[in-house]
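Undergrad: As they're listed, the protein sequences go chains W and X. Residue 195 in the numbering used here sits at position 210 of the first sequence, with consecutive numbering throughout. Residue 242 in the numbering used here sits at position 252 of the second sequence, with consecutive numbering throughout.
FYI, nobody ran anything at the bench for these hints, they're computed from the structure. Where a beta carbon is used, it is the ideal one built from N, C-alpha and C, also for glycine. Check each hint, because a few of them may be wrong.
What the hints assert, rightly or not - Over the 12 angstroms line for every Cβ pair with chain X, so calculated as not near, a few chain W residues:
{"hint": "1", "residue": "7"}
{"hint": "2", "residue": "11"}
{"hint": "3", "residue": "42"}
{"hint": "4", "residue": "43"}
{"hint": "5", "residue": "60"}
{"hint": "6", "residue": "63"}
{"hint": "7", "residue": "64"}
{"hint": "8", "residue": "76"}
{"hint": "9", "residue": "79"}
{"hint": "10", "residue": "91"}
{"hint": "11", "residue": "92"}
{"hint": "12", "residue": "151"}
{"hint": "13", "residue": "172"}
{"hint": "14", "residue": "173"}
{"hint": "15", "residue": "187"}
{"hint": "16", "residue": "210"}
As the list claims (entries may be wrong) - Here are some, though not all, of the chain X residues that point toward chain W, as calculated from beta-carbon distances under 7 angstroms:
{"hint": "17", "residue": "145"}
{"hint": "18", "residue": "149"}
{"hint": "19", "residue": "153"}
{"hint": "20", "residue": "158"}
{"hint": "21", "residue": "160"}
{"hint": "22", "residue": "206"}
{"hint": "23", "residue": "209"}
{"hint": "24", "residue": "212"}
Unchecked claim - Residues of chain X clear of chain W, computed beta-carbon distances all greater than 10 angstroms:
{"hint": "25", "residue": "31"}
{"hint": "26", "residue": "115"}
{"hint": "27", "residue": "120"}
{"hint": "28", "residue": "123"}
{"hint": "29", "residue": "124"}
{"hint": "30", "residue": "151"}
{"hint": "31", "residue": "159"}
{"hint": "32", "residue": "162"}
{"hint": "33", "residue": "203"}
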Amino acid sequence: MPVDVIAIEGISYSYGGIEVLSDVSFSMQRGDYIGLVGPNGSGKSTLIRLILGLVSPARGSIRIFGLPNTGFRDRGRIGYVPQKINFFNPHFPSTVAEVVGLGLVNDSRRKTAGGSTGQAVEHALDLVGISHLRKTLIGDLSGGQQQRVFIARALVSNPELLILDEPTTALDPETRDNFFNLLHQLNHANRVSIILVTHDIGSIGAFASKLLYLDKKVVFYGSFDEFCLSAHMTSVFGPSSQHIICHKHG
Amino acid sequence: MHIGFLEFLGYGFIQRALIAGSFIGLICSILGVVLVLRRLSLIGDGLSHVTFGGVALGLFLNVYPLYVSLPVVVCSSLGILRLADRARMYGDAAIGIVSSVGIAVGVMLASIGGGFNIDLFSYLFGNILSISGTEVAASIVLSVLVLATVAFYFNEILSITFDEEFARASGIDADRINAILVILTGITVVLTMKVVGIMLTSALLILPAATAFQFARGFRNAMAISAVTSVISVLCGITASVVLNLPTGASIVLLNACFFLAAFLYKRFSGRRSLPAA
């Protein structure tokens, strides 16, 4: 029986006495592409931080590739694109290649296999179409280009699980479409498991295999088609939006 | 005073000052790049104030000040981290608390001890020309220790400096790296006290890095430019101070400031820019 990529059971988490996640459970199998949606403050980013081991749940358990996430050391198997790209220092004197290489710092698989860092960085830059920017300073790029650098940093370790927290907010429509096509290709061709936090529900319908609707607890978890047919769709987005979103998907 | 360059280099006190000053300038410039980018520039200032308390304690106890101030400053640097973490405050407030306590302890001990105010004054403004052979050896050993540690953890340091949350998500033990960085900073600040004095320590951490950021194209490149700037400033500052009979610490800091100003003006008026993003 294959091991779940992620298995979460009954986790809760509070900030300053206010519960932001309550009794959340779900599992993810290899090759799943989950769109994680929910209103602002619904706990999406907190859930991501819990999965990554940045914070610990008050209750419940999280297992990554069959291991408790607190003891999970093989971090190169996970690629992560954080939400707050604007929080980095724009005057940081690092080149694009240097930043992308940071995705390999703790990759124990590469250290064991002795793979070339330079080749991995080049490959990741090629994937997101910014090889020509490898020597440019990160602060000299546009917001969209910087976002592609952070996506390359997540891909450089050739991860089996990609976690992306609203990665398309700074991208123009063409780059965003190319990005979704890249994710689709990674998911289909390489069976990379993906969790995508987004407000763009239409893109989830077009690409993701599952939808997880979170509002401090799991409101819905299943396929997009099931979501369209469920009462949750109309209660969350309204009857007119249901027609637009689900029709676009169809 | 007119002496030849070789004759100048022949003096033992000059040799000791140039050697120790170069090593200490080197570690200041390397750590300075990290501290400035992490917006922790003032930790050097805060720890230098703690050094003042440590030196006063050493003089009060009649123990060589370096032996007392080194453990005091290293413990204080870890205290700043712990205070920021546990007392729910930003790092600058924790630095302010620890540094003001350091100054207060120093002033109190100087007042009680009475007779060592003149010695304390020499530590406030530094006197690299009076550095002893033992101090030179200690400076070299501790500088090599700092450089080797930075080299060993280079990728981890770069990662948490650029994006600490991503570094933690990558499995890097950011708390351990932060603790290592503040300990190294504490050691560096104590050594720097002899070169430029407690009052000017933070300048030797900040100015070479600030100069490097005007031109650097990469994190390693920034460290290299910062190192070259700092070592040249120390060597030329010591030489100028002896030849022109000027205070050594102030000469080194003002030379560093001149380098920064020149780099800033050159970048501003030459139109030198980074490669355009395509």
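Undergrad: Mind listing which of the numbered hints don't hold for this structure, in increasing order?
TA: The structure breaks hints 5, 6, 7, 8, 9, 10, 11, 30, 31, 32, 33; every other hint is satisfied.
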